[in-house]
Amino acid sequence: MSARGQSVGFAGVSRSFGAVRALLPTDLEVRAGEFLTLLGPSGSGKTTLLNIAAGYLAPSTGRVLVGARDVTELPPRRRNIGMVFQSYALFPHLSVFENVAYGLRARGMGTGELRRRADAALELVRLEGYGGRAIRELSGGQQQRVALARALVIEPDVLLMDEPLGALDRQLRQHVQLEIRRLHRAHGRTTIYVTHDQEEALVMSDRIAIMREGAIEQMGAAEELYRWPGNVFVAEFLGESNLLRGTLVALNGVGARLKVDGIDRVIDGFAAAGLSVGRPAAALIRPESVRLAPGTGLKARLVETVYLGELLALRLSLEGGYGVLCRRFARDGLPEGETIGIDWDPRDVRILPDEARGASRREQSNTAEREV
Amino acid sequence: MPARGLGFRLAVHGAGSLVLGFLLLPIFAVVPASLNQGSFIRLPPEAWSTRWYARFFADPEWLTTLLTSFEVAAIATAVSAAFGTAAALGLARTGGRLRAILTGLILAPMIVPVIVTAVALYYVGRYWGMTGTVAGLAMAHVLMCMPFVVLNVGVSLRALDPSWIRAAEGLGASPARVFATVTLPTILPGLFGGAVFSIITSFDEVVLSIFVAGVQAKTLPVKMWEVVRLEFTPVLSVASTLLVALTIVLFVLFRLAAARAQAAGAGR
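Chains L and P, in that order, give the protein sequences.
Per the numbering used here, residue 1 is the first one in the first sequence, and the count goes up by one each step.
Per the numbering used here, residue 1001 is the first one in the second sequence, and the count goes up by one each step.
Source of the hints: derived by calculation from the structure; they are not laboratory data.
Keep in mind it's a predicted model, so treat the numbers as computed, not measured.
Be a bit skeptical, because a hint or two may be false.
As the list claims (entries may be wrong) - Listed next, the stretches of chain P that the computed footprint assigns to chain L, with coverage defined by at least 3 CB atoms under 8 Å from CB atoms of chain L: (1) 1009-1023; (2) 1176-1184.
Stated by the list, open to error - Away from chain P, derived, C-beta distances all over 12 Å, residues of chain L: (3) 16; (4) 65; (5) 80; (6) 150; (7) 215.
Ideal placement from N, C-alpha and C gives every residue a C-beta, glycine not left out.
The following block holds chain L by itself, in its conformation from the complex (with noise of 0.2 Å):
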């Protein structure tokens, strides 16, 4: 299995069912070899777009690109694609190996080629010897590595994963995402892959497509989007964050500065794109970077302190109702109840945008169509 796999290109894909448009006209471009994940709440159209890419759903307008090939209007079936369901839709009747060889005895793969195939697909996921099992006789997490052998042996120029860990247990979850990680790194076969759960998102994928009502919100790699979230939505979504909601005062280029709503306090940090003085933004601390200042800085009410082994969760209570997360290496224990001093360092606060107290992203996007 040395082939990587094709680029996929997605056109002004878009998707309505009846009045409701469950995937906004939308452009990406997958590398060849690359692991992208979807990620978003329900109902933001990440399965859609994963479904159009299958060529189990026809989008209502827009292309679908493998590689250099034009395959919006081919059937699944001459796609060459690999597919693996979160129900991971294995066939009951079959055995562990037919289910695995189904996709080459449709080619039509003679007998010892078949065999040759099939048997280092189980391999590869670790099951060597269950060639012979029925499906039942596995656990979950067996299962979820026969359908994954069953995408992968016919060499697809695709891999599709449509949250498949989500009938796993958390403990096994972790396991899985590792060792589909390390699958990824041996077959190198571009992947796109849809979940809800940021952690699954940030273990094992080279870029990471936020999605929110039906439209890419923002695309990049795990770091890129944890350090410059371009909207609260984003900053909410990946990662923990403490965010202080105001009006933005000041902009210049590379800074911004926001007044905090019932506090009386401005707050400076980097400026995302798409502010504009005087709309509403909040400003964005991530726990770490939240240091105690003991005399100094603002006041704030520690209300719980919770030991995770080397990290010390504090939970803090601002003035003006706001409560503010604060993570840091544990030393020493602090009383509960106690008000200390906390501050930050500027270069750490991201100023966004705070559209979600505007009309939804949707509306808009309606509007503007209407417009047009």
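Fit chain P to the supplied structure of chain L, relying on the hints for placement.
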């Protein structure tokens, strides 16, 4: 449930056995009657004998009707299985009111009084020249048999996860291959059950057969009906016993197949 006294259990089981006996024993009365040596049907038999079985299998007319019954049942079941499966698959893809209307139409022959269907088929069959032929009778039986296939296949279709179909398509299988490797294995228990009910129904059907069959396509039940009216002979009990035996064998086969399918599907 709290443990009941022995007396209570005896009473319940006793009453249940009585009811079952009342329902079933008259049917099995034909078995000793067929083994009676005398010329009159008498219970219990005065002396045991298999002479009426010999008479049955020596009589070309009994054998011909038995053969015709097998022929008609085979054709009716094959046609019902093919069209009933197609109908069940189609219904599963149809939604809302249309599905309710179509289901009602397909099941109507089970509900409409058989005598009405029989008279109607008599006229239509005469018009098309299909009365008195094995093929024509088999087509009439399809009306009664197909609902069993549609119902049974419909039930087993509910076990079919739509994502299996999508997975098979994604793996490169053509529609025909998807049907042969995914759909058919899943609905096989239902198809088998529908076929068994279909054979039993066709074998047992008298009213339609009398109207449509005429003399050329006389089935075993029709012959029995004639015999009851003309000459009352213990050979009738032999034919009845054979019918009961066939029904039991088919039904046991069906239960075994269903149990196997359930075991295969368990723990999915």
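Taking the hints in turn, this is what the structure says about them:
1. Note: the segment 1009-1023 of chain P has 0 residues with beta-carbon separation from chain L under 8 Å; the three-residue rule is not met and the coverage is violated.
2. Residues of the segment 1176-1184 of chain P lying with their CB closer than 8 Å to a CB of chain L number 3, which satisfies the three-residue condition for coverage.
3. At roughly 19 Å from the closest C-beta of chain P, the C-beta of residue 16 of chain L stays outside 12 Å, upholding its exclusion from the interface.
4. Even its closest Cβ contact with chain P, about 18 Å, leaves residue 65 of chain L beyond 12 Å, as expected for a residue assigned away from the interface.
5. The Cβ of residue 80 of chain L does not lie farther than 12 Å from every Cβ of chain P; its closest approach is about 8 Å, which violates its non-interface assignment.
6. Taking the minimum C-beta to C-beta distance to chain P, about 7 Å, the non-interface status of residue 150 of chain L is violated against the 12 Å cut.
7. Distance check for residue 215 of chain L against chain P: the nearest CB is about 25 Å away, which clears 12 Å, and the non-interface claim stands.
Consistency note: the structure conflicts with the earlier hints numbered 1, 5, 6.
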